[in-house]
Each structure stands twice: as C-alpha cells, then as structure tokens.
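Participant: Residue-level listing of the chains:
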Amino acid sequence: MSNQFEIFLQQLLNGLTIGMVYALIALGYTMVYGVIQLINFAHGEIFMVGAFFAFTVIWLFTSFFVGAPFWIVLVSIIFLSMLGSAVLGATIEKVAYKPLRNSPKLTALITSIGVSFFLQNAVMLIYGSKEQNIPEVIPMVRFDLGGFSFSLIQLIIFVTAVTLMFFLTWFVKNTRLGKAMRACAENAEAAKLMGISVDKVIRVTFMLGSALAAVGGSLFGIYYGSINFHDGYLAGLKAFTAAVLGGIGSIPGAMLGGVLLGVVEGLGAGYISSEWKDVFAFVLLGIILIFKPSGIMGENLPEKV
Amino acid sequence: MRSFWKAAVLFSGIIFCMGAGEKQDFIEIGFVAPLTGDQAYVGVGVLQGAQMAVEDANIKGPIFGNTKLKLVPLDDQHNPTQAVLAANKLAADPDVVGVIGHFNSSCTKAASAIYHEARMVQITPASTNPDISRQGFDTFFRICATDDVQGPAAADFVFSKLGLRKISIIDDKTTYGKGLADQFDKKFESLGGTVLSHDGITQGEKDFTPLLTKVKSLEPQLIFFGGIYPELSLLIKQSRKLGLRAPWMGGDGVFDVTLIKLVTPSLSEGTYSTMLGVDPHTLPEAKDFVTRYEARYGEIGSFSAYGYDAVNVLIEAIRRAGKNDREAVLREVRNTKDFGGVFGRINFDEKGDAVGKSVGIFKVENGKFKFIEEVKPQELIV
Chain Z
1 MSNQFEIFLQ QLLNGLTIGM VYALIALGYT MVYGVIQLIN FAHGEIFMVG
51 AFFAFTVIWL FTSFFVGAPF WIVLVSIIFL SMLGSAVLGA TIEKVAYKPL
101 RNSPKLTALI TSIGVSFFLQ NAVMLIYGSK EQNIPEVIPM VRFDLGGFSF
151 SLIQLIIFVT AVTLMFFLTW FVKNTRLGKA MRACAENAEA AKLMGISVDK
201 VIRVTFMLGS ALAAVGGSLF GIYYGSINFH DGYLAGLKAF TAAVLGGIGS
251 IPGAMLGGVL LGVVEGLGAG YISSEWKDVF AFVLLGIILI FKPSGIMGEN
301 LPEKV
Chain W
1 MRSFWKAAVL FSGIIFCMGA GEKQDFIEIG FVAPLTGDQA YVGVGVLQGA
51 QMAVEDANIK GPIFGNTKLK LVPLDDQHNP TQAVLAANKL AADPDVVGVI
101 GHFNSSCTKA ASAIYHEARM VQITPASTNP DISRQGFDTF FRICATDDVQ
151 GPAAADFVFS KLGLRKISII DDKTTYGKGL ADQFDKKFES LGGTVLSHDG
201 ITQGEKDFTP LLTKVKSLEP QLIFFGGIYP ELSLLIKQSR KLGLRAPWMG
251 GDGVFDVTLI KLVTPSLSEG TYSTMLGVDP HTLPEAKDFV TRYEARYGEI
301 GSFSAYGYDA VNVLIEAIRR AGKNDREAVL REVRNTKDFG GVFGRINFDE
351 KGDAVGKSVG IFKVENGKFK FIEEVKPQEL IV
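Protein sequences appear in the order of chains Z and W. Per the working numbering: the first sequence = residues 1 to 305. Per the working numbering: the second sequence = residues 1 to 382.
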C-alpha cells in the first residue's frame, strides 16, 4: 500500500516537472494573445531555439572553460539563452508580424506557421538533423524524502519556474510597462490615445514571452539530455493546449494550465495507458471547454481563429 | 541545391511536354528519402551512400555512349502524401530511368503503385515491411531483409540464447515500429515466453517516466523496443534514472552509433540490437567502401551501405541495358545475378525481395556495437 503511494507521489512529481516547462511556454502564448489576439504558432520553435542556445553555451563551456562550477554554467545558460531568444522574438515580431498589424487575423496566424517552418529548417541547416546530445552539466544529486526521490535538476526546474512566474506577475502588476501591457490587452486603441506606445508594448511582450520559452527550452534540454530541431512542435502544441485550458489571455491561467496538463498526462500515462497520453490532455481540454468555454481562468470568450 | 534539382526536374518535364526529346548526355536515377523533417538524419545517410555510388560510376567514364549518370534526390519527409508527389514527379520525367527509395515502409508502399504504372524500377534500400512485396508489382525490389525475419530472429535470440522468459515490449505505434514489435511479440509467445506488457509511445515525445515507472513494477528481464533510436535513447536514460536495470533491445531503427553517444557509453552498455546484415566495419570486403565513405562524409549511417548497394544494382542494370529505356532497365534489374554488394551477393526472388538476407545481432560493449551472431532466414522456421 505504502509502495503504491510512493509510486503515486513519484508519478505526480514527474508530471509536475514537465508541467512547469509547459507553463513557461504557455505564458508566451497567452501574453501575445492577450496583447494582439494572435496565436503565435512560432512560439514552440522559439522554445526549441532557446534549447539550442543552451546547447551552444554548454558547448562553449565544455570546450573552453572546463571545470567551471555548475551554477555559473547554469546561470550563463539561462541568461544567454533568454537574451538570445528575446532578440529573436523581437526580430520575428518586427519582420513577420508588424507589417501585418492591420491585416486580417488569419494572415498573421498563417505567417506564424511560416515562421515556425523557417526556424525549424534554419536550425536543421545549422546544427544538422541528428539528435544533439547535451552533456550533463548539473551534478546527478538525488534527494530522498522517505520513499520518493527527486533530482537536483528537477528542483532547479521548480525553483526557476516559480521564481519567473512570481517575477512576471509582479512585472505585469506593478511596473509602468506591465501596466501598459494590461492597458493594451484591454483596449489597444484607447491605450494609444492615452499616449502608450503600443508598438513598444508589443515588442516587449514578444521579448518577455520568448525569454520565458527559452528558459523552458534550456531546462527541458538539460533535463532530457538531448534536443532536436523538431522538439518545438509537440512541446508548443502541449503548451498551447495548456494556455487554452487555463484561459487564453490569462497569465495565472497559463501557469495553472501547464501544471495541470503535466500532472494529468503523467498520471494518465502511468496508471491507464501511455499509448493514450496525448488523449488525456485533449479530453481534459474538451471537458473544461464544455463547462467553461473561456478556460479555467479566462474572462471573456476567445475569438475564433 | 534542392531548388536546383527541383528546377532541373521541372525543366526536363517542360522539354518532355514540348516533345523536344533532344539527344542527352545524362541518364537520371531518382532518389527519394526523408531529407528534411524529423527523420532527415537517416535519409541523408542513405543519400550520401547513393551519391558515392553515382560518383564512383562516373569516374570510370560514361555508362554508355557519351551518357553519364545523374542522381535526382527528392524529399518525402517520411510522409506518404509527399512520397506520392515525389513519385509522380519522377514518373513524369523521361530522363529518370529508375528510382532508389523510399526509406520508410509507409512511403515505399504508397509510391510503389505509381512506379509500377510508369513501368519504372524501384529499389528500396531500407523498407522492411513484408507486405510491400506482396502487392504483386513486378517493378518493386528491395535489398534489405524484412521484418518477418528480423522480429522473430530477435525473439529467438532472447529466448534461446539469452534464456530469458519474462519481457516487456514498447513500440512507437508506426508501421515499422509496431510491425516489428508485433512480430517479436508473436514469436516470443509461440516459443513459450511471457510478454508482461506491450505498450505504445508517441514519436517525438520526451517524457517516458510514467510508463517506465509502471514497467519497472512488472520486473521484466528485458525490454524490447520497436522504433528508432532517439526515443530509445531517452527510454534507456530515464529507465536507469528510475533504477530499472533490465537490458534493452531494438531493431535496425536503433542501430546507430548516435544512440551510444546520446545515452553515454556506460549507460548503453549491454543494449542489444538487430540489424539488417552485419556491421560493415567487420567485413573485410566492405573495408574499402567504409574507409572511403568515412573519409568523405564522416561517420557512416546505418543505411548508407544499402543506399550504395541499391544504386549500384541499378547502375549495373543500366549498363547492361545500354539505353535509356525503363522496360529494358527493369528487365536487367530482374536479371541481376550474384551482384557483389557491400554485404555480399545480391539476388532477387520472384517478389523482388533480396534472397537470403540475414539479420545480425549486436550488443553494445565498451561503447561500440559488437557483432554477436548472424541469423539466416532459413534458420527461423516457426
């Protein structure tokens, strides 16, 4: 019996870990949707590019700075991949979406799919089509808590994700830029009339979302030890589901949706059938949308895309 | 480069439509495999083998008259719809005399009807699904073994040689992975072994800890995986982190040195794999091919030698036919007798399958796939 309970806790923990990563990606979907009502399908690819930034930083460390303490490596990975992805996010916004600001929503949506193909193939050409191995940068330390155990990297994923979520909530609530973001989400026209630079707000939103996805990507790559140019697709799809689940446009909703999705998948795959793993995610989405069409924390009905 | 080929195909198509069949200096060999998308890594390996064969032949001079060979590579993204598009493109081009491809069984099968209708010879370097050659197309040939040899060979090895009785099976739900795992499952049970569990996973997924936590509680002596190596590498790593110690085994899809790199040599130690044929590194007659390949492209892909062999069979047939005529080349491919390939002599049976292609069993030892034994199809009478 107690053994059964330990397995349950272990499964729950596995689900929470991947759920945290989903949540980090989902935040970018939800923020961009909140501000310009665009489902940015290239977001999953930014997550993947973030993982490749991390891979590159690790490669630099293992070839030129051998023996650097792991926390320096970790902080550099996260910081540099956030920086790189933020620049990438802003560039994509400028090149691909800004010229379409006044076009029909569908045009921007299809453009985002195009951007996604572009990024995938660009990474394939640069890094090759093979699975890339990420060397272990985090020491394999396990913490035993009477029966179930978790590893240092899982702890790092938790702490980083939760810290970033708190930071984001604070940022959106209390800073000028955050307030401007909320104003734009509420009514972009009115915000413009109030003297808010909508273009700047949109750019910052893309940068923030991309940086969060990059953190997700870096942690994801380090946790699983291998990355590939098409990893963004499935992770992006799951995170999008999480964002819709929590209520697209809502920041706490994306966090809750991600964690919930990870846990449901983990428990479903562990106790019912791993073949049906994706089915659980979408059944959950279906049920929630039947009873609450705007998602768990969504306020208004999302527009149809 | 690819757009260049596309333009070339299009251009020759236009010339064909205009009925201006000029005297040509090139005879073309179509090649289709996944060159982009999530299986690009294997497709590119086969393509490099094929390119090498064409270059080897061109160095020797014109194949007949003043005609040289040209490879026309197309991409099917391991998607049967794209495979059909590529096949139609090649079939419409009169300069293309035959096709090497495709890679994935699902694509090879979908495209085979088009080549049959166009009376073009098709030689697959790697599709192992046995049903493809049972469609009755006289244009279809394959130079590798099939899964009704590979799966049972693996099951027989686990049951008789390793003496294991309780195993678990995981597959990736694809035509190839599930097909292979089912063959293994059937044979292992018919031998009297117990299959504790048979689960499916999704290709491209990264987190298998929930499934592995469950499999661990069943205490299997070995876990067989029907699928390709990126998933197996994650399965092995995650199973070891969970304290699941049972050895893993896979088919030709996991036979790739990258697997060992991804899992790290110490964790991959003791993993078994079957492979179509034996390791080219261990064959003295393949030494020249392996050395030249690795000098050119780096590490040899697990199917590169098959790409090389398939193209060479076709080139030899073109040489014997002596003209750009699909029927004549098809006839000559069928007349192939004791062709000397990297993995030994190649002969085709009436279905177009290579005769007597054996399966090799390998085990990871000291960070390398070590050849353990060869299973010949005639040894596998159920």
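Hints listed in this document are in silico derivations from the structure and should not be mistaken for laboratory results. Hints are not guaranteed to be accurate.
A few chain Z residues facing chain W, derived, Cβ under 7 angstroms [stated by the list, open to error]: (1) N14; (2) S63; (3) E189; (4) A190; (5) K192; (6) H230; (7) G266.
As the structure is a prediction and not an experimental result, all values here were calculated from the model. We put the CB at the ideal spot given by N, CA and C, even for glycine.
Participant: Indicate, hint by hint, whether the structure satisfies it.
Facilitator: Checked hints:
| no. | hint | in the structure |
| --- | --- | --- |
| 1 | N14 | 4 angstroms, holds |
| 2 | S63 | 16 angstroms, violated |
| 3 | E189 | 42 angstroms, violated |
| 4 | A190 | 43 angstroms, violated |
| 5 | K192 | 42 angstroms, violated |
| 6 | H230 | 4 angstroms, holds |
| 7 | G266 | 5 angstroms, holds |
Violated hints, listed in ascending order, are 2, 3, 4 and 5; each of the other numbered hints is respected by the structure.
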